[in-house]
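Top to bottom, those sequences are chains A and B. First residue of the first sequence? That's 1 in our numbering, and the numbers climb one at a time after it. First residue of the second sequence? That's 1001 in our numbering, and the numbers climb one at a time after it.
Incorrect hints may appear among the rest.
If you want the footprint, here are the derived chain A segments under chain B, 3+ residues with CB under 8 Å [what the hints assert, rightly or not]: (1) 229-237; (2) 260-267.
Chain A regions said to be covered by chain B (calculated; three or more residues, Cβ under 8 Å) [to be verified]: (3) 79-92; (4) 102-116; (5) 159-171.
I should point out that these hints are in silico values taken from the structure, not numbers from a laboratory. Bear in mind the structure is a predicted one, so any value in this text is a computation, not a measurement. Virtual Cβ for every residue (Gly too), placed ideally from N, Cα, C.
Protein chains: 2
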Amino acid sequence: MNRRTLEKPDGRRLILYGREPIPAGITAPSPSQALFAPNAHLRWHPLRGEWVAYATHRQHRTFLPPPSFNPLAPTVDAAQPTEVPAGAYDVAVFDNLFPAFTSLAHDPPTLTIPTEPGRGACEVVVFTQDPAASLGSLPLWHLELIVDVWADRYEELGARDDVAYVYAFENRGVEVGVTLNHPHGQIYAYPFIPPIPARSIGNEQAFFASSGRTLLEQMVGDELATGSRVLYSGPKVAAFVPVCARYPYEVWIAPRERAASLAALDGEGRREFARALKTVLLKYDGLWNRPFPYVMAIHQAPTDGRAYPEAHLRAELYPAYRMRDRLKYLAGSEIGAGVFTADTDPDDKASELQAVTVVFD
Amino acid sequence: MNRRTLEKPDGRRLILYGREPIPAGITAPSPSQALFAPNAHLRWHPLRGEWVAYATHRQHRTFLPPPSFNPLAPTVDAAQPTEVPAGAYDVAVFDNLFPAFTSLAHDPPTLTIPTEPGRGACEVVVFTQDPAASLGSLPLWHLELIVDVWADRYEELGARDDVAYVYAFENRGVEVGVTLNHPHGQIYAYPFIPPIPARSIGNEQAFFASSGRTLLEQMVGDELATGSRVLYSGPKVAAFVPVCARYPYEVWIAPRERAASLAALDGEGRREFARALKTVLLKYDGLWNRPFPYVMAIHQAPTDGRAYPEAHLRAELYPAYRMRDRLKYLAGSEIGAGVFTADTDPDDKASELQAVTVVFD
């Protein structure tokens, strides 16, 4: 992996990654020329016991591009700069123009509940220069590079004092609110451990303390032994519809043996993680022969300086549809009470995905 | 409040409620003639530490009505029975034909994770006989009756041994997945305390132990003292956009002083709760002069037999839109990490709702 760090005219950072060395002489464009000076704050939700992030500057956006403008495509006209330059690179990472978390956050409002500056970082990960590609359609070497980029972001952002949790995710499809079709993901570097991983970590710690194994080692082993829901099984990594799937076609990808993060996964493991991910994404797109929308969440060990011997890397994919043309809605039970109601059997959904043949390499 | 309990031909229960006594001689119809014998089970999600509900019989639905058929409208043709009869009543409650929770649940599968029968109950609450009405457009006396019905369901279901939490909610609008436009809500009677109220209760208990007041008494008092986000303020009940709103236009309705449930609220309090609810719903519909979709969650004290001196009734309303024609999507940060990111200021959203004039009575 090769990388080169540049600074945009507005002060934001751009990092270019490539399989080949990044040539010198590339300059970083920005569609916004105003000096980057975002603000954001956190409010404590006393009933839920969690932070809510407020990035209210977002409603005062000065940069409102026309719908046809693709800010994630390489700049071809210097008079109409995008977020990324033309040139020989494969993946680009830059500071989100409207971050919910930023190291520049300052002076939160004084309210009847606790507030804090919304420290941390929000980055955009442009997966490819090709606006018509998708994460799953990229060649395997390119996916391997993206896995290396995620690992790099985990290490660099995780080393910051104001970052307790580095979270890589992809929202794919208009069905999950995506407004830019260009293949991209995001990194949120939170200044606290978010509620969902905080709960997982508690459960993982209890399991690890009683068994000496990680909960994911147990669950991946159980899935491979059961076999009926497995989508990919390699020497180091497995992908499967979990026995406790909440979403129809939900898939988890995880190493068989503990790795706390992509950064902690060795080269062979990372390559297999990329292969498992490509397998799953091609099965998704092949299921109904059309792009399959999802949210992908990559969970790794917190980076708050404490030790997490029970942490076990995984990607969880939450599809938007429960059947062709029928969205899975999160409604009263899910968002009001926190109870998922599933009307499909995980074994049935896994069978459908198993039946999709994928060919690559 | 008057009520009459009937049995449907398939064995399900129907309860009719009315301002006036329900006449005798009404018989309960059912669009499904097969004996009601649902099954459902729970699977333990070890990472999240929560139950996931599986109602897989739902995918084998034998009853597939044409799109024009409204099963919640009064039956007019005995050859095409709906879920509710014709006759003099105002509100109807019946057992959901495809419940995620049912007292009849039995024999959960044996899996690599813990499972349980999906005990409890799922009821449908038909708010009115008028398919063109909406909860907010009903006359105040009718809303007061619905509040009494919710209180009745809380008491009756809460008294059951297999019910630990009675949760009334409404999903309104196709934007939140509703397929039947006829005004209706639902009751889920869970055999456990769901994750979201379980966390709230923990935070409420801690606050109550240290202050001797409920957390909601504190928060409602703070909102009324601040004043800038208040939508309704009566002697007993208030409605406001909370200072920690996660959704744009999120509103909470709660009594000023502790009431553990609608059943524990006195008559005057219930009437005011109905008035506050109608005020909020009319403001919602008036904001853009069109039906305003939302999820409404009514939280009351658990019914597992323990004492909850810190429990404080409230309705929380989560709108589907963040601005006109722009949905609020729950994506990577919200559903993968549990962190809500808001790009609007609760004070601004409250101002917009305050500016909507509502007239009733």
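Here's how the hints hold up against the structure:
1. Only residues whose beta carbon comes within less than 8 Å of a beta carbon in chain B count, and the segment 229-237 of chain A has 0; fewer than three means the coverage is violated.
2. Against chain B, the segment 260-267 of chain A contributes 0 residues with a C-beta closer than 8 Å to a partner C-beta. That does not satisfy the three-residue criterion, and the hint is violated.
3. For the segment 79-92 of chain A, the stated coverage by chain B is violated: 0 residues have a C-beta nearer than 8 Å to a C-beta of that chain, whereas at least 3 were required.
4. Given as covered by chain B, the segment 102-116 of chain A passes the check, having 3 residues with a CB less than 8 Å from a CB of that chain where 3 are the minimum.
5. Given a C-beta distance limit of less than 8 Å, the hint that chain B covers the segment 159-171 of chain A holds, as 5 residues qualify and 3 suffice.
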